[in-house]
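There are 2 protein chains.
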Amino acid sequence: APKILPDAGVENYVSHVLKTTKPLPPVTFDTLLSEINWIAVAVLTIPPAISIFGAYTTKLRWETGLFAVLYYFYTGLGITAGYHRLWAHRSYNASKFMQYFLAIAGAGAVQGPIKWWARGHRAHHRYTDTELDPYNAHEGFWYSHVGWMLLKPRRKPGSADVSDLSKDEVVRWQHKNYLPLIIIAAVVVPSVIPWLLWGDLRGGYVYAAFVRLCFVQHSTFCVNSLAHWLGEASFDDKHTPKDHVVTALCTLGEGYHNFHHQFPMDYRNAIKWYQYDPTKWFIWVSQQLGLASHLKVFPDNEVRKGQLTMQLKRLRETQESLVWPSDNNDLPVISWDAFVEQSATRPLIIISGFIHDVAAFVEEHPGGAHWIVRYIGKDATTAFFGGVYDHSNAAHNLLAMKRVGVLHGGVRLAVDDKAIPPAQRLK
Amino acid sequence: APKILPDAGVENYVSHVLKTTKPLPPVTFDTLLSEINWIAVAVLTIPPAISIFGAYTTKLRWETGLFAVLYYFYTGLGITAGYHRLWAHRSYNASKFMQYFLAIAGAGAVQGPIKWWARGHRAHHRYTDTELDPYNAHEGFWYSHVGWMLLKPRRKPGSADVSDLSKDEVVRWQHKNYLPLIIIAAVVVPSVIPWLLWGDLRGGYVYAAFVRLCFVQHSTFCVNSLAHWLGEASFDDKHTPKDHVVTALCTLGEGYHNFHHQFPMDYRNAIKWYQYDPTKWFIWVSQQLGLASHLKVFPDNEVRKGQLTMQLKRLRETQESLVWPSDNNDLPVISWDAFVEQSATRPLIIISGFIHDVAAFVEEHPGGAHWIVRYIGKDATTAFFGGVYDHSNAAHNLLAMKRVGVLHGGVRLAVDDKAIPPAQRLK
Ligand code: HEM
Ligand code: HEM
Ligand SMILES: [Fe+2]
Ligand SMILES: [Fe+2]
Ligand SMILES: [Fe+2]
Ligand SMILES: [Fe+2]
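Protein chains in written order, with the numbering used here: chain A, 1 to 427; chain B, 428 to 854.
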């Protein structure tokens, strides 16, 4: 396929690429074996196999269990605070020490070297939900969770620039030493520490190395799957990313993903203090310790605009789901004489230029039927608006639902404030 | 003062009455003793005195404690389900048996006979927050809690019709036998039951009769004070009533008072199942048992309109608290040549007919500074809207904040969709 770079003067880079390049042919039964990404399959099946066999045959000591959880946090933060928020999004600066600390932690999560990971992730953000998005959520939950790596992709991800990472000292160091680093960080360290400290080599190997590894991996995968499926579009609903506390709990805080796709260079995923975002807390504490700086935050004014838009949108939906009074123009214009005449056969009342049929309401009237009866065939505007009782906005809204006509010559009245029920004034 | 009835053809009954009638002179030190309502003072001070002395000198047995709580619920429901929702608001029909049951329970709360209570309460609803409202919340928390009854009121409450109650068999029966009824229901029954069942006459007298009575009374008073002070105006903010769960907990569910003032004939105060409204539950269960019928519910369509209005109002406030892009008409119109010339000295970019100064943003740009730099002095409309990257709505909102001019002849563009940032499209 010819290499097309953005900025080639096309209207839309994504549709242009999709039009002018061909995907690989779909995988068939015959081509399956040659299309499988064996490395990914191995990484995704061997650790669970070891974990299940190991867990059945190895007693879990509480020290090892606790250590496995802590090591889960350490290697998880390598991905979330390191791979994701530091390298893929450059949402803050980290000291050299912290960079090495995170690069090693990230290696322990066995998700590929930083540069490869960030390249895919940047394409995911830039071409979200399109065929140039490597984890395209429109292909289904399992595709975005793991499917995308098990088979060789039908298309190259869209172009994304990682030249900054190609030049980065720590990224290059990790790349060059990737294989030894994963062996050390994913297996050796979590086995040896429980061995040295409380003599549980086997437990460390099973629980802190492999069981922990499975959790960290699927935790990250959930950001591509669950975070594009479960929850609310709090800031924008153009694409699939969603905000949900459950996803946040599964992913060290990456579950406020709708926010994150709108403001990817923000070091936070959760903006409220009470939302679960330990990755944000970790970065913030690192700043207090002098290890991190230049924490980027999107202007609050713009964040709130996104929220406002979605909230207004939801209220518009409520508005549309409600029944509103007939429009002036749909109502017949009735003369005073005709009104008085018709009132003899059905209970009609005029209030602010509109004629209302109160048949179903007389007996229901909270102020008593007698008030309504007294005003049949008459104009009750003054009585309704305070002459007798200054009705609530709710009463006014309800009144407007009973309109059956406009009084001829009463139209002047029908444009003033009293003619517009309160719930329609803000529309 | 002359008696003025509503429907006298005045514009506003309340202001008319206030203008044409004189209040009693303010209470002074000299007139204090003769202006005090001694019955109310007795009812409000003797039970607490007995309670405090009694509680210091009487051991509380758990059976008596439990019974006092149950008796609190019984007599409380007499007020909330009986006096208030049945008689004052006619929000449902009750069988004769249930009416007597509630009339006796209500007597046990010692808050005056039904007719007197409902008359004041109807005036409170009809003239809320005015000087014709007997518990006028604008007079302060303590006035609406107890102050209004300790001194003789300066004005008669506004007119309110209780002719339905004057004719009511149970209301009349309670009225005629009110004194014996309160002695029996407030003191005798709650003393005798613990005495007969577990031999605790003194405990019953102190805890189930008097301590319980103090709680029931102040619980009801809270509906006039706390419910007009604490919480949110969820349905309408024209008057002081508020919704709050704490008030609901104190008042057997009468704390959703903003709803209640908008929809006083609704048998519910809380509309969601998870909100605390035991009075509603009690009425509903009575219906299941065939003791109550015709439970009135305001049309959901109108209830939601009130809510919608308030929610829109709150979003309008957010909208006004945010900074929005300069209006087209406030921006200078700049020619293409002037734009190119000025771009030599400061970073200007054209997107959809607007000229943007991106000085503060180049280094911050999440897509990298180079993209912006490349477009200085150029039109980046296509690149910004997908030619390179189809920016998020957030980016589009942010872009609009950087407007410094309109391109001469680019105005056609400036009226299409791309010119209106997403957050402004729903306005
Ligand atoms: C179809 C026309 C009317 C409708 C829909 C209507 C609706 C209502 C509603 C919903 C209430 C409950 C309190 C509130 O929400 O404000 C109410 C109360 C009342 N209305 Fe009307 N009303 C109508 C006409 C009238 C007229 C013509 C009069 C008098 C001439 C009147 C006098 C009263 C009075 C005195 C109350 C009692 C307030 C109270 O005790 O809380 N209403 N009405
Ligand atoms: C002042 C004008 C611009 C503003 C305010 C702006 C804003 C942003 C923002 C907020 C993002 C983060 C992702 C998002 O929210 O969509 C972004 C990303 C990006 N922008 Fe811009 N941008 C501007 C101009 C441009 C121009 C002219 C280009 C290209 C010629 C460009 C190319 C990109 C690219 C490639 C990304 C990276 C997307 C990613 O990796 O997630 N931007 N821009
Ligand atoms: Fe995503
Ligand atoms: Fe991301
Ligand atoms: Fe009230
Ligand atoms: Fe009420």
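If you're looking for bench data, these hints aren't it; they were derived computationally from the structure.
Any given hint could be a false lead.
[Said to hold, decoys possible] The list that follows gives simulated cross-link-like pairs (lysine-lysine, BS3-like), each with its CA atoms no further than 27 Å apart: (1) A:K313 to B:K845; (2) B:K523 to B:K542; (3) A:K238 to B:K845; (4) A:K418 to B:K699; (5) B:K594 to B:K523; (6) A:K402 to B:K740; (7) A:K418 to B:K740; (8) A:K19 to B:K845; (9) A:K402 to B:K665; (10) A:K272 to B:K740; (11) A:K313 to B:K594; (12) B:K829 to A:K238; (13) A:K313 to B:K699; (14) A:K96 to A:K59; (15) B:K665 to A:K313; (16) B:K579 to A:K402; (17) A:K96 to A:K296; (18) A:K418 to B:K523; (19) B:K603 to B:K665; (20) A:K22 to A:K115; (21) B:K594 to A:K296; (22) A:K313 to B:K542; (23) A:K238 to B:K542.
Treat the numbers as computed from the prediction; the structure is a model and nothing was measured.
Practice task
Would you check the hint for K594 (chain B) and K296 (chain A), treating anything up to 27 Å between C-alpha atoms as holding?
Solution key: violated (73 Å)
Exercise for the section: Would you check the hint for K418 (chain A) and K699 (chain B), treating anything up to 27 Å between C-alpha atoms as holding? Expected result: violated (31 Å)
Practice task
Assess, step by step, whether the Cα of K603 (chain B) is no farther than 27 Å from the Cα of K665 (chain B), and give holds or violated.
Solution key: Outside the cut-off at roughly 39 Å; violated.
Practice task
Take the C-alpha atoms of K665 (chain B) and K313 (chain A), compute the straight-line distance between them, and say whether it is at most 27 Å.
Solution key: Holds. K665 (chain B) to K313 (chain A) sits at ~26 Å (cutoff 27 Å).
Exercise for the section: Compare the distance between the alpha carbons of K402 (chain A) and K665 (chain B) with 27 Å, and conclude whether the hinted pair is satisfied. Expected result: holds (23 Å)
Exercise for the section: Starting from K96 (chain A), check that the Cα of K59 (chain A) is at most 27 Å away, please. Expected result: violated (39 Å)
Handout entry: Agreement of K238 (chain A) and K845 (chain B) with the hint, judged by alpha carbon distance not exceeding 27 Å
Key = holds (15 Å)
Practice task
Please work out if K313 (chain A) and K542 (chain B) have their alpha carbons no farther apart than 27 Å.
Solution key: Roughly 48 Å between the alpha carbons, so the hint for K313 (chain A) and K542 (chain B) is violated.
Exercise for the section: Take a quick look at whether K594 (chain B) and K523 (chain B) sit within 27 Å of each other, Cα to Cα. Expected result: holds (14 Å)
Exercise for the section: Starting from K313 (chain A), check that the Cα of K594 (chain B) is at most 27 Å away, please. Expected result: This hinted pair is violated, its Cα atoms lying about 52 Å apart.
Exercise for the section: Assess, step by step, whether the Cα of K272 (chain A) is no farther than 27 Å from the Cα of K740 (chain B), and give holds or violated. Expected result: Measuring from Cα to Cα gives roughly 23 Å; hence the hint holds.
Handout entry: Agreement of K418 (chain A) and K740 (chain B) with the hint, judged by alpha carbon distance not exceeding 27 Å
Key = holds (19 Å)
Checked against the numbered hints above, the structure violates hints 4, 11, 14, 16, 18, 19, 21, 22 and 23; every other hint is satisfied.
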